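Visitor: Listed below, chain by chain, are the residues.
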Amino acid sequence: MDRRTIFGGRLLPIAFVLPQLLVTFLFFLLPAGKAIYGSFTRTDAFGLHTRFIGFANFVSLLDDAGYRAAFGRTAIFCALVTLLAMASALLFAVFADHEIRGRAIYRTLLIWPYAVAPAVSAVLWVFVMHPEVGIVGRELGRLGIHWDYTVNGAQALGLVIVASAWTQVSYNFVFYLAGLQSIPSSVIEAARMDGAGGFRRFRTIVLPLLMPTTFFLLIVNLVYAAFDTFGTIMALTRGGPGQATVTLVVKVYRDGVVNLDLAGSSAQSVILMLIVIGLTAVQFRFLGRRTIS
Amino acid sequence: MHRRIDWPAHLVLLLGVALFAFPVWLVFAGATQDAGAINRGDLSLIPDFSHLGIFLSVLLHGYGEAGGHPAWRMLMISAGMALSIAIGKIVISMLSAYAVVFFRFPFRMAAFWTIFITLMLPVEVRIIPTYAVMADFHMIDSFAGLTVPLIASATATLLFRQVYLAIPDELVEAARMDGAGPIRFLFDMLIPVSSANMAALFVILFVYGWNQYLWPLLVATDPRLDTIVIGIVQLTFGGFTLTPWNTMMAMAVLAIVPPVVVVMAMQRWFVRGLAEVEK
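Line by line, the protein sequences give chains D and U.
Quick note on numbering: my numbering labels position 124 of the first sequence as 124, and the sequence is numbered without any gaps.
Quick note on numbering: my numbering labels position 279 of the second sequence as 1279, and the sequence is numbered without any gaps.
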């Protein structure tokens, strides 16, 4: 990262990096340090004595069946959101890459949902799927299906998965379309001459060439599903009914902000940090790319 | 040459378009209908155009009897937050990338890696301690608290760094021969060459700022600082005797329109920029 031509002066560059460093230190490193400190200590009920207890907070966390259940639930949630959001984006991108009339309009109409806030998309889904008010939800009831995501945990989880994937499709669509457009048409043409049919061309040529995009999107989508779906879940179900839609991030919020279990939520924060660090490391190691934050 | 119409493509794409447009059309249509009728399960896909006034009344008076704030206030807070975050991130990232690429100073690489680390510390993983830090600084329930802690950006810094590294040394030499100091070089050279990147970043960061939910929920409990996203989610759990469904839907439309307009108006920069930011 070194240039030959550089400017002299020391105070000016320090003044330039200072704002960013201050924000980083005060609002990122300091809280992260506090979380790590909190995860290894326990404070008595009056907040008078804090003592170091080693890994005890982590041990009790891993002993907690509720936490283990949230871990498994988050894994399933992330896998399904990622699969749904990536598969539908790939489908739309493949067809939007065809030379058809109005494709610029189609693209715009598939890209705008990127702008919809996750929390707001959840509110949209309420009006579609609410058991009494929702335009689809109430019809399910009339058809004799017991649809009520406010009491049925499996239905709630399903709805939260669909709503979370819905918001992420546009993002994936942009990347898959860019990936498809970078495949030289001569490659596809050659396969056509060899007599490979449409689906076979897709499976044996297009899909392998899209692997870097797919792998990159896989990491981005997992991070999105794990961390950015808090608003969607809170607006749709608040983690309920019971614990049915509690993901790890919702649990940190519930335990920390609502139930004020500081030691437990600090330990949870540290585990989440390790997960983000792991995913970011994988991304950089294999791709040299990064996510937006 | 006569070209066949590609029916499967049109079919799939129309299906996709409908999948996204349908819920938004539904809330737009629902906003113009009677709350009582919606409550009885009579929500319809056909808007009642004589009731478009609902949007104006939500803007000016909010959800009335429930004691909420007018939506224009929430929109102003959202816009203020989105603009401050987008512009703030662009400015401080541009400056730090400039310092790291074009100057030599003690702990230059340490500074760079410190900024880089923020990539691994999203708000979601440090909810409680961040709240504690904010409380120590008396930043809870303030507009500064809503925006300043979010303006660090490793992504934007890395992007500007790449752009700056790609500028040929000859160009920098020439500018210095002409007597350009560091400040003039920044304004006359770096800002113009990176303007397309800034436009792309602006769209992405504006949407990021506008769509925040966890952060305002955490640090701003004062209803006067409610963003439109916070306001609408609160309304869904309002516990009303008669839920004001139509008002909620009108607010949802108001929350969606501004960021969608920004993305669509700047689509070209956005699409190209997204790919660059991620590279």
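These aren't lab readings, by the way, just hints derived from the structure by calculation.
For clarity, every value in this text was computed on a predicted model and none was experimentally measured.
Incorrect hints may appear among the rest.
[As the list claims (entries may be wrong)] Some chain D residues judged to face chain U by a derived CB distance under 7 Å, without partners named:
| id | residue |
| --- | --- |
| 1 | 14 |
| 2 | 16 |
| 3 | 17 |
| 4 | 95 |
| 5 | 106 |
| 6 | 183 |
| 7 | 184 |
| 8 | 188 |
| 9 | 278 |
| 10 | 284 |
All residues carry an ideal CB built from backbone N, CA and C; glycine is no exception.
Visitor: Hint by hint, note whether the structure agrees.
Guide: Against the structure, the hints come out as follows:
1. 14: holds (6 Å)
2. 16: With Cβ-Cβ at 4 Å, under 7 Å, it holds.
3. 17: holds (4 Å)
4. 95: holds (4 Å)
5. 106: holds (5 Å)
6. 183: Where the cut-off is 7 Å and the nearest Cβ of chain U is about 15 Å from residue 183 of chain D, the hint is violated.
7. 184: The hint is violated - residue 184 of chain D has no Cβ within 7 Å of chain U, the shortest such distance being about 18 Å.
8. 188: violated (15 Å)
9. 278: Violated, about 9 Å.
10. 284: violated (9 Å)
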